[in-house]
Amino acid sequence: EAGVAQSPRYKIIEKRQSVAFWCNPISGHATLYWYQQILGQGPKLLIQFQNNGVVDDSQLPKDRFSAERLKGVDSTLKIQPAKLEDSAVYLCASSRGQSYNEQFFGPGTRLTVL
Amino acid sequence: EDQVTQSPEALRLQEGESSSLNCSYTVSGLRGLFWYRQDPGKGPEFLFTLYSAGEEKEKERLKATLTKKESFLHITAPKPEDSATYLCAVMPQAGTALIFGKGTTLSVSS
Chain A
560 EAGVAQSPRY KIIEKRQSVA FWCNPISGHA TLYWYQQILG QGPKLLIQFQ
610 NNGVVDDSQL PKDRFSAERL KGVDSTLKIQ PAKLEDSAVY LCASSRGQSY
660 NEQFFGPGTR LTVL
Chain B
20 EDQVTQSPEA LRLQEGESSS LNCSYTVSGL RGLFWYRQDP GKGPEFLFTL
70 YSAGEEKEKE RLKATLTKKE SFLHITAPKP EDSATYLCAV MPQAGTALIF
120 GKGTTLSVSS
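Going down the list, the sequences are from chains A and B.
Following this note's numbering, the numbering of the first sequence begins with 560 at its first residue and continues without gaps.
Following this note's numbering, the numbering of the second sequence begins with 20 at its first residue and continues without gaps.
Certain hints may be false.
Dumping the calculated DSBU-like pairs for lysine-lysine here, alpha-carbon to alpha-carbon at most 30 angstroms [what the hints assert, rightly or not]: (1) K61/B - K637/A; (2) K603/A - K574/A; (3) K121/B - K574/A; (4) K121/B - K637/A; (5) K88/B - K621/A; (6) K88/B - K603/A; (7) K88/B - K574/A; (8) K603/A - K121/B; (9) K603/A - K61/B; (10) K121/B - K98/B; (11) K621/A - K98/B.
Now the stretches of chain B that chain A is said to cover, found in silico as 3 or more residues with beta-carbon under 8 angstroms [what the hints assert, rightly or not]: (12) 39–46; (13) 61–75; (14) 86–93; (15) 100–110.
Just so you know, these hints were derived from the structure itself, not from any lab.
Since the model is a prediction, treat every value here as computed from it, not as a measurement.
Each residue gets a CB set at the ideal place from its N, CA and C atoms; glycine is no exception.
My request is simple: use the sequences and hints to build the entire structure.
And the structure:
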């Protein structure tokens with residue numbers, strides 16, 4: 560079974576530029592999560608999807624971050640415009656559904672904002 | 020506010036020297052407590068889920084236990100390949116996001 564796929568793996572941008580990350584979850588997994596992991600910290604949820612609907616986006620900085628999962632499969636997370644404090648690893652995770660507790664993570668995208 | 024605290028932040032062991040990592044939590048509810056392993060440059064890798072106080076789970080040299088306020092990850096006779104950051108997370112309610120601690124970075128030298 561293929562794991563969670565993410566791209567790109569690394570991205571370096573200047574502040575105020577825009578960037579997008581892509582995630583393809585494990586096949587058949589209905590729930591998809593985006594987490595932000597700052598160096599030395601544990602992951603923090605940005606947004607949770609159930610199929611193509613948003614379940615929780617309470618910690619998403621909506622003035623600059625957006626995410627979509629149009630067909631209920633893969634997902635895109637966008638930052639526009641980026642700030643220095645957005646430098647972090649962006650992790651995508653998936654689970655079979657809201658009643659299934661185990662979440663499986665992708666390798667992450669490391670973003671550096673200069 | 021739901022909170023997860025892990026200790027110590029870093030732990031250095033000699034190969035074969037057993038020890039334990041601690042995860043204490045303050046949450047409104049507990050659907051499950053999770054342990055993950057994270058290697059540098061990789062995403063967290065799922066290890067265990069614990070659901071109720073008194074529960075224990077084992078995998079190779081690792082054993083996770085759970086009480087009402089904390090969990091322990093016991094490492095028996097560690098090897099250098101056990102070196103990684105170990106993350107603890109709680110799920111307050113079914114289907115909600117995980118709340119992670121900052122992790123314990125374990126280094127095992129031969």
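Results of checking the hints against the structure:
Between K61/B and K637/A the alpha-carbon distance is near 21 angstroms, which keeps this suggested pair within the 30 angstroms criterion. Taking the CA atoms of K603/A and K574/A, the gap is near 22 angstroms; set against the 30 angstroms cutoff, the hint holds. Proposed proximity of K121/B and K574/A is supported: the alpha carbons are some 27 angstroms apart, at most 30 angstroms. Restraint check for K121/B and K637/A: satisfied, since their Cα atoms lie roughly 25 angstroms apart, inside the 30 angstroms limit.
Our distance criterion of 30 angstroms between C-alpha atoms is broken by K88/B and K621/A, whose separation comes to about 34 angstroms. A C-alpha spacing of about 21 angstroms is found between K88/B and K603/A, which places the hinted pair at or below 30 angstroms, so the restraint holds. Taking the CA atoms of K88/B and K574/A, the gap is about 42 angstroms. The hint is violated against a cut of 30 angstroms. Annotation: proposed proximity of K603/A to K121/B holds, straight-line Cα distance about 10 angstroms (limit 30 angstroms).
Proposed proximity of K603/A and K61/B is supported: the alpha carbons are some 16 angstroms apart, at most 30 angstroms. Taking the CA atoms of K121/B and K98/B, the gap is about 23 angstroms. The hint holds against a cut of 30 angstroms. Only pairs whose Cα atoms come within 30 angstroms are accepted, and K621/A paired with K98/B is rejected, the gap being roughly 44 angstroms. Coverage of the segment 39–46 of chain B by chain A is violated [criterion: at least 3 residues with CB-CB distance below 8 angstroms; count 0].
With a cut-off of 8 angstroms between beta carbons, the segment 61–75 of chain B has 6 residues touching chain A; three or more are needed, and the interface restraint holds. Counting residues of the segment 86–93 of chain B whose C-beta sits closer than 8 angstroms to any C-beta of chain A gives 0, which falls short of three, so the coverage hint is violated. With 3 residues having a Cβ less than 8 angstroms from any Cβ of chain A, the segment 100–110 of chain B passes the three-residue criterion, so the hint holds.
Hints 5, 7, 11, 12 and 14 from the earlier list are contradicted by this structure; the remaining hints agree with it.
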